[in-house]
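Visitor: Order-wise, the sequence lines are chains A and B. When the letters of the first sequence are read in order and numbered with our numbering, they come out as residues 1 to 112. When the letters of the second sequence are read in order and numbered with our numbering, they come out as residues 1 to 111.
It should be emphasised that the hints constitute simulated quantities derived from the structure, not laboratory data. Every residue gets a Cβ at the ideal spot worked out from N, C-alpha and C, and that includes glycine. A couple of the hints might just be wrong.
Here are a few chain B residues that face chain A, going by a calculated C-beta distance under 10 Å [claimed, not checked]: (1) G1; (2) F89; (3) G102.
Derived EDC-like pairs (lysine to aspartate or glutamate); straight-line CA-CA distance at most 16 Å [said to hold, decoys possible]: (4) B:K37 with B:E83; (5) B:K71 with B:E5; (6) B:K103 with A:E44; (7) B:K94 with A:E100; (8) B:K71 with B:D17; (9) B:K22 with B:E5; (10) A:K11 with A:E105; (11) B:K68 with B:E56; (12) B:K71 with B:E56; (13) A:K11 with A:E100; (14) B:K42 with A:E105; (15) B:K94 with A:D56; (16) B:K37 with A:E105; (17) B:K37 with A:E100; (18) B:K22 with B:E56; (19) A:K78 with A:D57; (20) B:K68 with B:D27; (21) B:K68 with B:E5.
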Amino acid sequence: GAGVSQTPSNKVTEKGKYVELRCDPISGHTALYWYRQSLGQGPEFLIYFQGTGAADDSGLPNDRFFAVRPEGSVSTLKIQRTERGDSAVYLCASSPGIGELFFGEGSRLTVL
Amino acid sequence: GENVEQHPSTLSVQEGDSAVIKCTYSDSASNYFPWYKQELGKGPQLIIDIRSNVGEKKDQRIAVTLNKTAKHFSLHITETQPEDSAVYFCAASKGEAALIFGKGTTLSVSS
Numbered sequence: 001g002a003g004v005s006q007t008p009s010n011k012v013t014e015k016g017k018y019v020e021l022r023c024d025p026i027s028g029h030t031a032l033y034w035y036r037q038s039l040g041q042g043p044e045f046l047i048y049f050q051g052t053g054a055a056d057d058s059g060l061p062n063d064r065f066f067a068v069r070p071e072g073s074v075s076t077l078k079i080q081r082t083e084r085g086d087s088a089v090y091l092c093a094s095s096p097g098i099g100e101l102f103f104g105e106g107s108r109l110t111v112l
Numbered sequence: 001g002e003n004v005e006q007h008p009s010t011l012s013v014q015e016g017d018s019a020v021i022k023c024t025y026s027d028s029a030s031n032y033f034p035w036y037k038q039e040l041g042k043g044p045q046l047i048i049d050i051r052s053n054v055g056e057k058k059d060q061r062i063a064v065t066l067n068k069t070a071k072h073f074s075l076h077i078t079e080t081q082p083e084d085s086a087v088y089f090c091a092a093s094k095g096e097a098a099l100i101f102g103k104g105t106t107l108s109v110s111s
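Please model the entire structure based on the sequences and the hints provided.
Guide: Below, the structure written as structure tokens:
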């Protein structure tokens, strides 16, 4: 498809487990963003890539969260030692540059 | 860092009425102000945006106004339709920095 693809769409895990969430951006988009959205809230910025490098990771809540984009396309958000408070929808967006973000449908993470 | 406040949190209107959602931002250096619409189970989708060098922008039934002095911007939807029902988010950013979003407004349009 032509849009941003996120997998899995739903993930249920147990407290303390490790989780990976994947994002396939729109082809050719150099910028990629991760946001977290809790119920009834707006998207909360986590990290932003320009190409392969993290241009801004100031939104990552702690060192359990890490993201990579090794070839400047697909990105993986990694969460170690998950906690119940990590439960949320994790949104990925891509952009050709400054301006409109194109969002995926998100990965819903539930930590039991 | 930037902080974006949005109100109201919920808004109910009759079909055909107008709806107005307002946002304020804290960083006077912010220069890009988009509005996103999010339907249930979907990611947010851009509906209109404005940059700091203009005061108003229109696209059919949707308009956005920006007051840089007061650091606030508003979304105006005229002739609302049931399909306008969704959650609307304002956001702000400067340069290449990431967008900072408001908490959202749930708009309900009843026929």
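Visitor: Each hint: holds or not?
Guide: Hints and how they fare:
1. G1: holds, 8 Å
2. F89: Holds. Min distance 5 Å.
3. G102: Interface hint status for B:G102: holds (5 Å vs cutoff 10 Å).
4. B:K37 with B:E83: Measuring from Cα to Cα gives roughly 11 Å; hence the hint holds.
5. B:K71 with B:E5: holds, 11 Å
6. B:K103 with A:E44: Judged against 16 Å, a Cα distance of about 9 Å means the pair holds.
7. B:K94 with A:E100: Distance of about 13 Å is within 16 Å: holds.
8. B:K71 with B:D17: Status violated; Cα separation ~27 Å.
9. B:K22 with B:E5: Roughly 8 Å separates the two Cα atoms, so the pair holds.
10. A:K11 with A:E105: holds, 14 Å
11. B:K68 with B:E56: holds, 11 Å
12. B:K71 with B:E56: holds, 14 Å
13. A:K11 with A:E100: violated, 28 Å
14. B:K42 with A:E105: Judged against 16 Å, a Cα distance of about 5 Å means the pair holds.
15. B:K94 with A:D56: Measuring from Cα to Cα gives roughly 13 Å; hence the hint holds.
16. B:K37 with A:E105: Holds, at roughly 13 Å.
17. B:K37 with A:E100: holds, 13 Å
18. B:K22 with B:E56: Distance ~14 Å between B:K22 and B:E56 Cα, so the pair holds.
19. A:K78 with A:D57: Satisfied, since the Cα-Cα distance of roughly 13 Å is no more than 16 Å.
20. B:K68 with B:D27: holds, 10 Å
21. B:K68 with B:E5: holds, 15 Å
The structure shown violates the earlier hints numbered 8 and 13.
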